[in-house]
Amino acid sequence: MGDSRERGNGHGPDSPGASVTPVSALLEGALSGRFSRRQIVRRAAALGISGPMLAAMLKIAPGVAAQDGTPVAPPPSGDPVVIGCPYNLTGGYASLDNPAREGSELAAEELNRSGGILGRPVRLQVYDGKSDVPTITSVVKRLVEEDKVPALAGLTDTSYMFAGGQVAQEAGVPFLDVGGTAPIITSIGDYIFMLPFGDNVQAAASAEFAQTKGWQTCALLFDEAMDYTKFLAKYFKDRYTAEDIGGQIVSELTYSMGDTDFSAQLTEFKNLNPAPAVLFISSNPGEIGTIVKQARDLGLTQPILGGDGYDTPLLVELAGDASRDVFFTTHQGVFGDAPEGKAFAEAYQVKYGKAPEVAFAALGYDGIKLMADAINRAGSLEGEAIRDALAATQGFNGATGTISYEEGSRIPSKSVALVEIKDRAPSLIEIVVPKTIPPA
Amino acid sequence: MNFGQFGQQFVNGLSLGSIYALVAIGLAMIFGILRLINFAHGEVLMLGAFATYFYARSGLPFLVIAVLAVLTTVVIGLVMERVAYRPARGAPDVALLLTSLGVSIALQNAAVLAFSAQPKKFPTPRLIEQQVDLGAGVQISGTNLVTVGVALALMAGLTLFVTRTQLGVSMRATAENVTAAQLMGINITTVIVAAFVIGSAMAGVAGILWGARVGRIEPLMGFIPVLKAFVATVIGGFGSIPGAVLGAYILGFGEIFLVAWLPDALTSYRDAFVFTALILVLLVRPQGILGSTEPEKI
Amino acid sequence: MVTLDHAGSPRGMARSRSRGVQRLAVAVAALALLGLFLAYAEASLNGYRQQLVTLVAINAIIAVSLTLTSGFTGVFSLGQIGFLAIGAYTGALLTIAPQWKSEMFLPGLPEWLATLDLSAWPEQAALLVACVAGGGLAALVAALVGAPLMRLSGHYVAVATMGFLIIVQAVAINWEGVTRGARGLSQIPGLTGLWVAYAWVVVTVYAVWRLRASSFGRAMIASRENLIAARAIGVDVLRKRLLAFVVGAFFTGVAGSLLVHQIGTAAPSAFYFTTTFNVIIMVVLGGMGSISGAVVGATILTLAPEYLRDVEDGMDLGPLSFGAHYGLAQIILAVGFILVMIFRPQGLFGDREVGPALLGRFRPGRRRPAGLSPDATPTLAPGVDEIPADDRSRTG
Numbered sequence: 001m002g003d004s005r006e007r008g009n010g011h012g013p014d015s016p017g018a019s020v021t022p023v024s025a026l027l028e029g030a031l032s033g034r035f036s037r038r039q040i041v042r043r044a045a046a047l048g049i050s051g052p053m054l055a056a057m058l059k060i061a062p063g064v065a066a067q068d069g070t071p072v073a074p075p076p077s078g079d080p081v082v083i084g085c086p087y088n089l090t091g092g093y094a095s096l097d098n099p100a101r102e103g104s105e106l107a108a109e110e111l112n113r114s115g116g117i118l119g120r121p122v123r124l125q126v127y128d129g130k131s132d133v134p135t136i137t138s139v140v141k142r143l144v145e146e147d148k149v150p151a152l153a154g155l156t157d158t159s160y161m162f163a164g165g166q167v168a169q170e171a172g173v174p175f176l177d178v179g180g181t182a183p184i185i186t187s188i189g190d191y192i193f194m195l196p197f198g199d200n201v202q203a204a205a206s207a208e209f210a211q212t213k214g215w216q217t218c219a220l221l222f223d224e225a226m227d228y229t230k231f232l233a234k235y236f237k238d239r240y241t242a243e244d245i246g247g248q249i250v251s252e253l254t255y256s257m258g259d260t261d262f263s264a265q266l267t268e269f270k271n272l273n274p275a276p277a278v279l280f281i282s283s284n285p286g287e288i289g290t291i292v293k294q295a296r297d298l299g300l301t302q303p304i305l306g307g308d309g310y311d312t313p314l315l316v317e318l319a320g321d322a323s324r325d326v327f328f329t330t331h332q333g334v335f336g337d338a339p340e341g342k343a344f345a346e347a348y349q350v351k352y353g354k355a356p357e358v359a360f361a362a363l364g365y366d367g368i369k370l371m372a373d374a375i376n377r378a379g380s381l382e383g384e385a386i387r388d389a390l391a392a393t394q395g396f397n398g399a400t401g402t403i404s405y406e407e408g409s410r411i412p413s414k415s416v417a418l419v420e421i422k423d424r425a426p427s428l429i430e431i432v433v434p435k436t437i438p439p440a
Numbered sequence: 001m002n003f004g005q006f007g008q009q010f011v012n013g014l015s016l017g018s019i020y021a022l023v024a025i026g027l028a029m030i031f032g033i034l035r036l037i038n039f040a041h042g043e044v045l046m047l048g049a050f051a052t053y054f055y056a057r058s059g060l061p062f063l064v065i066a067v068l069a070v071l072t073t074v075v076i077g078l079v080m081e082r083v084a085y086r087p088a089r090g091a092p093d094v095a096l097l098l099t100s101l102g103v104s105i106a107l108q109n110a111a112v113l114a115f116s117a118q119p120k121k122f123p124t125p126r127l128i129e130q131q132v133d134l135g136a137g138v139q140i141s142g143t144n145l146v147t148v149g150v151a152l153a154l155m156a157g158l159t160l161f162v163t164r165t166q167l168g169v170s171m172r173a174t175a176e177n178v179t180a181a182q183l184m185g186i187n188i189t190t191v192i193v194a195a196f197v198i199g200s201a202m203a204g205v206a207g208i209l210w211g212a213r214v215g216r217i218e219p220l221m222g223f224i225p226v227l228k229a230f231v232a233t234v235i236g237g238f239g240s241i242p243g244a245v246l247g248a249y250i251l252g253f254g255e256i257f258l259v260a261w262l263p264d265a266l267t268s269y270r271d272a273f274v275f276t277a278l279i280l281v282l283l284v285r286p287q288g289i290l291g292s293t294e295p296e297k298i
Numbered sequence: 001m002v003t004l005d006h007a008g009s010p011r012g013m014a015r016s017r018s019r020g021v022q023r024l025a026v027a028v029a030a031l032a033l034l035g036l037f038l039a040y041a042e043a044s045l046n047g048y049r050q051q052l053v054t055l056v057a058i059n060a061i062i063a064v065s066l067t068l069t070s071g072f073t074g075v076f077s078l079g080q081i082g083f084l085a086i087g088a089y090t091g092a093l094l095t096i097a098p099q100w101k102s103e104m105f106l107p108g109l110p111e112w113l114a115t116l117d118l119s120a121w122p123e124q125a126a127l128l129v130a131c132v133a134g135g136g137l138a139a140l141v142a143a144l145v146g147a148p149l150m151r152l153s154g155h156y157v158a159v160a161t162m163g164f165l166i167i168v169q170a171v172a173i174n175w176e177g178v179t180r181g182a183r184g185l186s187q188i189p190g191l192t193g194l195w196v197a198y199a200w201v202v203v204t205v206y207a208v209w210r211l212r213a214s215s216f217g218r219a220m221i222a223s224r225e226n227l228i229a230a231r232a233i234g235v236d237v238l239r240k241r242l243l244a245f246v247v248g249a250f251f252t253g254v255a256g257s258l259l260v261h262q263i264g265t266a267a268p269s270a271f272y273f274t275t276t277f278n279v280i281i282m283v284v285l286g287g288m289g290s291i292s293g294a295v296v297g298a299t300i301l302t303l304a305p306e307y308l309r310d311v312e313d314g315m316d317l318g319p320l321s322f323g324a325h326y327g328l329a330q331i332i333l334a335v336g337f338i339l340v341m342i343f344r345p346q347g348l349f350g351d352r353e354v355g356p357a358l359l360g361r362f363r364p365g366r367r368r369p370a371g372l373s374p375d376a377t378p379t380l381a382p383g384v385d386e387i388p389a390d391d392r393s394r395t396g
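Chains as they are written, first to last, in my numbering: chain A, 1 to 440; chain B, 1 to 298; chain C, 1 to 396.
Keep in mind that the hints were calculated from the coordinates and are not lab data.
A virtual CB, placed ideally from N, CA and C, is assigned to each residue, including glycine.
One or more hints might be untrue.
Counterexamples of contact, computed for chain A against chain B with all Cβ distances above 10 Å [as the list claims (entries may be wrong)]: (1) E243; (2) R324; (3) I431; (4) V432.
Straight line, CA to CA, 27 Å or less: simulated DSSO-like cross-link-like pairs of lysine-lysine [unchecked claim]: (5) A/K234 / B/K121; (6) B/K121 / A/K354; (7) B/K121 / A/K351; (8) A/K213 / A/K435; (9) B/K121 / A/K342; (10) A/K234 / A/K435; (11) A/K234 / C/K101; (12) B/K120 / A/K435.
What follows is a list of derived Cβ distance ranges for each label pair [claimed, not checked]: (13) C/P122 / A/V350: 55 to 61 Å; (14) A/E406 / C/L308: 27 to 33 Å; (15) B/P263 / C/L144: 55 to 61 Å; (16) B/Q131 / A/N273: 17 to 23 Å; (17) C/G234 / B/I188: 57 to 63 Å; (18) B/L127 / A/G246: 29 to 35 Å.
Chain A extracted, bound-state conformation (with noise of 0.2 Å):
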């Protein structure tokens, strides 16, 4: 399999018949300036090379260190290093897709600029996949055998990465998947790495908070049609009905993706006597900001609460004045104090001209830059390298928060922001990390 896919072109330690030693992936790691300096001393101790001698090997590789100490990478040149980005571009997903694959883009023009992968430049190979399973398999298929891709990043909904991640696992190439966040997508199979938090994180840290708001009694609205909206919703009642907790649910009710009329599910709710303390509403971001306008619509002033799919300025854009007492948890980079996500909402910015319209756009980033990283620390495009440098991933800065795989776990130990929107404007209400989560 390894033979037939590309090569570099005697360029850095990935020349034909190089031998790999993770010495030398650690100088590509610094030399693509992908490795802060901490890293690389930490890393260079674990592989037993003092201070000095790492000063000295910084030293021959040129234009390592510039004078501020930051490291400069020298311009990438030789073939291309590929990864495919299967993304639903047209079909129901495009609004979720579209943004993630412009966020990987930006990611692509970026890392072009600071040293490509392991010295050679990025290209993202991009598909539709239209919003059909069949043709999701295909276009990963193609990705796999045709291009002979060494890695794939893309996709942000489960149902799909099934179709995708089977196919890539077969096949052996690593598939970072961007955006589904169901935890049970890493089930596939040992190359299928996700990089949002699971659902049963943010739906345990949602319950979390409504218990200590003292919020008792909840109404459930939930997306039948989409797995993520179904399954945050589950997860929420889990961790919400716990024993600790003891919350009540008082209604469950169900919309379908792209219904725009919920007068009746919402009619409904507000017609229960007692009223619920809060409405925990699981949406996809294309319905949330009609819903929340129509349940204000029909005087429901309850606080509602809900997962990343809030995290949308269409939400407060539809909305308006109705999206107060409105909260949601979302991944932690755009809110946080983290400088890689304001540098990122930035450039994003700079690059379309609009403010990242989902939180997909951050994740979509995210997918090429710690698949870049991986690659490099694996000095290699061997699939298996490939993958042990991907779970091997400890402390990556990412836009959407830091990542870390844990021993045997191929789904991130991130913690989850919460947010409020405030004054038309999500606010930061904490970072969290939920005291118990359920089982994927």
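We have chain A; now place chains B and C onto it with these hints.
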């Protein structure tokens, strides 16, 4: 369910039914004359909403923008008729149906390319976003009020048009029997063009009302309304305009009250219930509720 | 209005015998060509291309089944993909290994199905069971649903079958304990290969071909062309339609099972309107009454989008690709399709078959409706052009 709760759901159903009715009228009118189920009708609706979105940037008063948007949809309808349907006229029904499906897919994807797939906020005027309290816990939003009012006014206007004007009578005659109408000297092309003008204008209005109701617009927004309108026209009796309106209200109320009355655990099956009911209606009365033409039944 | 073979006269019988030999020769030649192609494909195409070739076969089976249901009887079904879903889920639940079934947590499964393990069987035997069971269940449902529905005609049957599709979709999404809801079943073994897929194409084409050529098929077409006349000569239209509906459902169910054993997952989103419209376009593009037309339509609509990907991708200039326009392929296809509908409203082949034309058998002197090219011989003259305008609504 007490009176107030029932009243609130009733208002919801009335408003939903009104929008379905506006879409269904255009669909039924074009079907009556051309025997064409115009799937692309939903895309006319979508383009009407997007036209409003773009014109609103000019800062003109909303009514002016709405009129311009409706005129735009009329032009789109005319172009569609001229470019795609007129050359295919006389082809079997299924070819016409599939032509409209092709137009629909092309326009959807063109809209994704031109406007991106991201939903956009519809520029609903503040005035109609107000809430009106009808007492007994029943609230009606300004949007709903306008929707119902506009729909009723347009339907009244349409009734006058088809009963009192020469062209309207010609349209009804053509819907009844194309050949006989032609023998009576009715210019079929004029009638078809008129049907597209009226149908597209209605779709444009529906697009604006839909946008105001939902708050957001997106390139794929046309599919659901046209599907619902299609069902409404069948319930009411294909090609019959009053039937389409009746079907639309039945569907609107049906969807709302099914959610209200079904046990929570079954609400996710509501589409299945709606369509089971629909199939039963068809089996008992295959020509639809107000359908006049004797359908083919074995 | 229905022009059948000239089998009624003695001269016609002699001719039909010689035509029978010729047909056999054509069939053998076609099978040999197909075999050669598959051997080539298996030996030298990569997995992606093999999957495409297999998907052509699966789509061809669905399209040919729909030709039987819609093209011959005039029952315009929008519910065919519902049967695809039934076959898909049935087949998948039979072959998914028991440990995966328990991993996926499917409490709605009966004990025997939850523990059923076909992995010890020879692969092709397991797949055969999955296909036949999938097709059989689809046929059974079709019989139950069709009995009342086949009474309807034209647009009414279209809406009613669409209702069936929506109901199947609602069940697939909500029957969590069996279908695993929106995320669908995964870990379905990849049992479908090129050969078995094309074997089913051959079986389907043969069955549909025989059905059409039989007295049953002629009665069916007669009822499509003129219902009242057909009934007047004693055709039991309801039974004919129902049989066509059930047989079509069987093969579509088989295709569903083949599909999921090719792509490895069965998710509800794969069995809804997009797929429905796609398959209808295949059939109408090829010609509503043409078996080979359906196969050609399936081939075009499976392969063209993949070839058009390069157009969508735009140009590669250096490290980034510029000018990517996702959705362009679908616009190009839609416009092409509209053009076909305008210039050849009866589809590429109308009611006719492509086989004889390839062998250059062209009988002069037959009346052809305007607009059809002379490069194929009609075995059945298209009737659509001759129906007066008022009847057209009924044939849809």
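Cross-check of the supplied hints:
Every CB of chain B is more than 10 Å from the CB of A/E243 (nearest about 23 Å), matching its label as outside the interface. Every beta carbon of chain B lies more than 10 Å from that of A/R324, the smallest distance being close to 15 Å; the non-interface claim holds. For A/I431, the condition that its CB be more than 10 Å from all CB atoms of chain B holds, with the nearest at approximately 28 Å. For A/V432, the non-interface assignment is confirmed: its Cβ lies about 29 Å from the closest Cβ of chain B, beyond the 10 Å cut-off.
For a cut-off of 27 Å, the pair hint linking A/K234 to B/K121 is broken: about 30 Å separates their Cα positions. Straight-line distance between C-alpha atoms of B/K121 and A/K354 comes to about 15 Å, which keeps the hinted pair within the 27 Å bound. This hinted pair checks out: B/K121 and A/K351 have alpha carbons roughly 22 Å apart, not beyond 27 Å. Under the criterion of a C-alpha separation no larger than 27 Å, the hint pairing A/K213 with A/K435 is consistent with the structure, at around 16 Å.
Proximity of B/K121 to A/K342 is assessed by CA-CA distance (about 25 Å); at most 27 Å being required, the pair is judged to hold. A hinted pair counts as satisfied when its Cα atoms are at most 27 Å apart, and A/K234 with A/K435 qualifies at roughly 18 Å. For the proposed pair A/K234 and C/K101, the alpha carbon gap of about 20 Å is at most 27 Å, so the pair holds. For the hint pairing B/K120 with A/K435, the CA-to-CA distance comes to about 38 Å; that exceeds 27 Å, so the pair is violated.
Here the CB-CB span from C/P122 to A/V350 is close to 60 Å, well matched to the stated 55 to 61 Å. In this structure, A/E406 and C/L308 break the distance hint of 27 to 33 Å, their C-beta atoms being roughly 44 Å apart. Remark: the range hint 55 to 61 Å for B/P263 to C/L144 is contradicted by a beta-carbon distance near 26 Å. In this structure the supplied range 17 to 23 Å holds for B/Q131 paired with A/N273, their Cβ-Cβ distance being about 21 Å.
Judged by the Cβ atoms, the range 57 to 63 Å given for C/G234 and B/I188 is violated: they are separated by roughly 38 Å. For B/L127 paired with A/G246, a C-beta distance near 46 Å fails the hint of 29 to 35 Å.
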